[in-house]
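So the protein sequences, as listed, match chains W and Y.
Going by the working numbering, the first residue of the first sequence is number 1, and it counts up by one from there.
Going by the working numbering, the first residue of the second sequence is number 1, and it counts up by one from there.
Be a bit skeptical, because a hint or two may be false.
[Unchecked claim] Here are the simulated lysine-lysine pairs, DSSO-like style, with alpha carbons at most 30 Å apart:
1) Y:205 - W:135
2) W:135 - Y:252
3) W:135 - Y:100
4) Y:376 - Y:498
5) W:135 - Y:501
6) Y:100 - Y:252
[What the hints assert, rightly or not] Some but not every residue of chain W turned toward chain Y, in silico, with C-beta under 10 Å:
7) 62
8) 106
9) 135
Quick caveat, the hints were computed from the structure, so don't treat them as lab data.
All values derive from a computational prediction rather than experimental measurement.
Just so it is clear, CB atoms sit at the ideal spot from N, CA and C, and this is done for glycine as well.
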Amino acid sequence: MKAKIYSIISVLCAALLFIGCAKEKKQDAPKVDATTKVVGEWHCAPEGYDVDVYVAFDAAGSFEEYQRLGEGRYRHYAGTWSVDKSVLSGVYADGTEWGSTYTLSFEGETMTLTANNESAEAIVYTKTTIPAEVKDDAIEPLGSETRAEECWF
Amino acid sequence: MRKSLIAIGVAIISLMTISCTKDAGVVEEEKTMAAEAILEHKLVGNTIDKCEEGSLLLFLEEETIARIEKGDIEAVKSEIFLGGDVVSFEPALVTPKNEKLARELGLHRWYSVSFDKNIPVRKFAKEVAPSKHISAIEFNTVVALASDYKARPMSDMADTRDLVPMSSFNDPNAKYQWNLHNSGDEAIAKTARKGADVGVLDAWKLCAGSPDVIVAVLDGPVQYTHPDLAAAMWVNEAELNGVEGVDDDGNKYVDDIYGYNFNSAGDSNGKISWSTEGESGHGTHVAGVIAAVNNNGVGISSIAGGSGNGDGVRLMSCQVFDGKYPASDRDMSNAFIYAADNGACIAQCSYAYDPNTFANDNAYINATSLEYNAIKYFVSPENCNHTAIGQNLAIFASGNEATSNAGYPGALPICVSVTAYGPDYLPTGYTNYGRGCNIAAPGGDYSIGAQNSFNASQILSTCIRDVAYVDYVWMEGTSMACPHVSGVAALGISYAAKIGKKFEGDDYRTMLLTAVNDINSLMLDGTKPYNGVADAVVLKNYHKRMGTGAIDAWRLFMQIEGTPSVAVTVGERCTVDLREYFGGSATDLTYRGIEVSNEAKAALGIKGDPKIDDGMLVIKCENCGSAKITIKAIAGGGQLGGGNNIGGTEISREVSIMSRGVSSTNGGWF
Numbered sequence: 001m002k003a004k005i006y007s008i009i010s011v012l013c014a015a016l017l018f019i020g021c022a023k024e025k026k027q028d029a030p031k032v033d034a035t036t037k038v039v040g041e042w043h044c045a046p047e048g049y050d051v052d053v054y055v056a057f058d059a060a061g062s063f064e065e066y067q068r069l070g071e072g073r074y075r076h077y078a079g080t081w082s083v084d085k086s087v088l089s090g091v092y093a094d095g096t097e098w099g100s101t102y103t104l105s106f107e108g109e110t111m112t113l114t115a116n117n118e119s120a121e122a123i124v125y126t127k128t129t130i131p132a133e134v135k136d137d138a139i140e141p142l143g144s145e146t147r148a149e150e151c152w153f
Numbered sequence: 001m002r003k004s005l006i007a008i009g010v011a012i013i014s015l016m017t018i019s020c021t022k023d024a025g026v027v028e029e030e031k032t033m034a035a036e037a038i039l040e041h042k043l044v045g046n047t048i049d050k051c052e053e054g055s056l057l058l059f060l061e062e063e064t065i066a067r068i069e070k071g072d073i074e075a076v077k078s079e080i081f082l083g084g085d086v087v088s089f090e091p092a093l094v095t096p097k098n099e100k101l102a103r104e105l106g107l108h109r110w111y112s113v114s115f116d117k118n119i120p121v122r123k124f125a126k127e128v129a130p131s132k133h134i135s136a137i138e139f140n141t142v143v144a145l146a147s148d149y150k151a152r153p154m155s156d157m158a159d160t161r162d163l164v165p166m167s168s169f170n171d172p173n174a175k176y177q178w179n180l181h182n183s184g185d186e187a188i189a190k191t192a193r194k195g196a197d198v199g200v201l202d203a204w205k206l207c208a209g210s211p212d213v214i215v216a217v218l219d220g221p222v223q224y225t226h227p228d229l230a231a232a233m234w235v236n237e238a239e240l241n242g243v244e245g246v247d248d249d250g251n252k253y254v255d256d257i258y259g260y261n262f263n264s265a266g267d268s269n270g271k272i273s274w275s276t277e278g279e280s281g282h283g284t285h286v287a288g289v290i291a292a293v294n295n296n297g298v299g300i301s302s303i304a305g306g307s308g309n310g311d312g313v314r315l316m317s318c319q320v321f322d323g324k325y326p327a328s329d330r331d332m333s334n335a336f337i338y339a340a341d342n343g344a345c346i347a348q349c350s351y352a353y354d355p356n357t358f359a360n361d362n363a364y365i366n367a368t369s370l371e372y373n374a375i376k377y378f379v380s381p382e383n384c385n386h387t388a389i390g391q392n393l394a395i396f397a398s399g400n401e402a403t404s405n406a407g408y409p410g411a412l413p414i415c416v417s418v419t420a421y422g423p424d425y426l427p428t429g430y431t432n433y434g435r436g437c438n439i440a441a442p443g444g445d446y447s448i449g450a451q452n453s454f455n456a457s458q459i460l461s462t463c464i465r466d467v468a469y470v471d472y473v474w475m476e477g478t479s480m481a482c483p484h485v486s487g488v489a490a491l492g493i494s495y496a497a498k499i500g501k502k503f504e505g506d507d508y509r510t511m512l513l514t515a516v517n518d519i520n521s522l523m524l525d526g527t528k529p530y531n532g533v534a535d536a537v538v539l540k541n542y543h544k545r546m547g548t549g550a551i552d553a554w555r556l557f558m559q560i561e562g563t564p565s566v567a568v569t570v571g572e573r574c575t576v577d578l579r580e581y582f583g584g585s586a587t588d589l590t591y592r593g594i595e596v597s598n599e600a601k602a603a604l605g606i607k608g609d610p611k612i613d614d615g616m617l618v619i620k621c622e623n624c625g626s627a628k629i630t631i632k633a634i635a636g637g638g639q640l641g642g643g644n645n646i647g648g649t650e651i652s653r654e655v656s657i658m659s660r661g662v663s664s665t666n667g668g669w670f
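Please construct the entire structure, taking both the sequences and the accompanying hints into account.
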């Protein structure tokens, strides 16, 4: 009986060890997962702000952002992004760094970006497909002095 | 004022005394001196030496007007002119529709007297000045067009250039219109700069005009039979379908089908005429820039000429210049009233008094009070002729004297004054600039034209065949720059209406003046040629003096659609770029102040006052949230016009601030 009890305890311990190992493996995953999970198209329209933002992160490390702050058309921004230890950072194409880095967390079809500054502002993004009209009608920020030069029609 | 009254009193007493005691010769001489003193007192704008012969404008006393309105005009006439012979004595203006406003502006008190042209105007004025009926006397000043009058026919152009069509509009000569789309082609000018245009191509994707937008062209005649303009004309259907020689629509003008000829010096009797000796085709050229019909397989494209489906803006020909006959103050004034009363929402005015004529706003207003008040009548909000905007726009050329201030009336803060740049995006050698100038547009620059095709660096537009033997010519001048701003303004109104936007008060004009690209950064140093002199134009002299920047139709459209909020980081002192609000030259504007309501302060947690530093908004918000603040600036120069100043016009923008935990310095969300 005693031996039986010992063997059951040994099995349980071994199982616990395995479980521990398996959990350890799971803890490694976010580093890979976060990067993978970021890739895709997202939308946010946070409460309390008159804004509407779409962003597409691609696997090659580029992003396309379409934002409407208040009135007018969507303004198009682009640049590059990267993830390091669940922290998302990026640089706009004009060389401007993002206003903050963000800690990533995911739940279902949502991604929360929490600013790594005093504000700890957390914005929830929902997985979506960016509407074609948003992409088509978006313009470059007017301050950038860029304007399409090609012929039309 | 008191001093003046005393002077008049003394003069009258002396006249009475003289007549009692002196011998006839002395009496006459002293009478003349006294009359001279009275004239000096009553005469406004007495520095003007250019005025219409045989004509004077009289501002009558209210009591006199009351008598005339009771039918006593003949008695008044004989009292003023002492039975002397005058050709006519009548109200200076055809009665405006908005009589209440006209009375408030004193327009009903202006009378015009015509007399023998052999009598010197000043002598006649002196004789009538003592009349108790006359409050003020104004010479009927004449004014010139803002062009060199040189029309260079399109047939002169080199035909070896390799230019590409700018759009799929099938107007065959559009490829020469760098002013609409400048690809930087050296065939136009060796120094042509890509993008030095009015940015209309992208705007056309959204809207190319609307026939309910009417632009009155106060100029020489618009040839309403021109193949590229006929379909763009405003048509007074009642007159078109009415009886010749009859005022069918009761607007007090007979047979005004496409507009009217207001010139009183010539003998066209109200008929729009392009056969008068000395006709240059100027008004027709100006009209073509605004609304020559697009996509009709003929000639040129224009800024607001539609897409070929009858959807361009309409042109109302308010002819004030008639060949060799210049326009007078009275002619101009009647044209402004007519334009306001018959549906125009833009007055396109490529004329200006010489910039050295008037030192400041008061000097102009005193000298040409009738015209000033007629312009006020036109731009008054209650006379606004389009539902998308709060008031009509009066747009003028700054003038071509290469002088460091605009010519009047454009220099007035209630008007828009336009400077001229060439295909190199740089000031032209002829343009006026500096005080009173509000915005820049393509005016053409012969002096930088490519070898063998100098003409192409000017502005190609419609012309009168009877004048130039062709239908299209090149011209240059602020006269040509002015219709670019009128055209963009008309296009913007069309688009605002299309998307259901309405703007109050002065908001649309402010948007127009801030829908600009930066050109100041090109004027920090260097020179360019003019009239064969290599270094004639010293660019730094024009820095920050060409107005707010170069007009851009696309920017205007984006302002009409709505301007985005400015995002700032909570708790941080942020420096904000204002180019979305004040245009590409925002950092070079002179700012007048920032208004922040208590509610906005509370919402954003603003403790100190925001300020403008080096053309950027500096603000610190302690709370997350959104609110609007108002920023005021000067469009054109470092000082405001008005009173004894000549200067820019105040523009005011509501800027929406969004304070959040994160913001990027380039305005991006992340």
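Here's how the hints hold up against the structure:
1. For the proposed pair residue 205 (chain Y) and residue 135 (chain W), the alpha carbon gap of about 16 Å is at most 30 Å, so the pair holds.
2. Our distance criterion of 30 Å between C-alpha atoms is broken by residue 135 (chain W) and residue 252 (chain Y), whose separation comes to about 54 Å.
3. At most 30 Å may separate the alpha-carbon atoms for a hinted pair to count; residue 135 (chain W) and residue 100 (chain Y) exceed this at roughly 52 Å.
4. A distance of roughly 28 Å separates the Cα atoms of residue 376 (chain Y) and residue 498 (chain Y); the hinted pair therefore holds under the 30 Å criterion.
5. Proximity of residue 135 (chain W) to residue 501 (chain Y) is assessed by CA-CA distance (about 23 Å); at most 30 Å being required, the pair is judged to hold.
6. Proximity of residue 100 (chain Y) to residue 252 (chain Y) is assessed by CA-CA distance (about 18 Å); at most 30 Å being required, the pair is judged to hold.
7. Interface restraint check: residue 62 (chain W) against chain Y, minimum CB-CB distance 14 Å, threshold 10 Å, status violated.
8. Checking residue 106 (chain W) against chain Y by beta carbon gives a least distance of about 18 Å; that is not within 10 Å, so the hint is violated.
9. Among the interface hints, the one on residue 135 (chain W) is violated; its C-beta lies about 16 Å from the nearest C-beta in chain Y, farther than the 10 Å criterion.
The structure shown violates the earlier hints numbered 2, 3, 7, 8 and 9.
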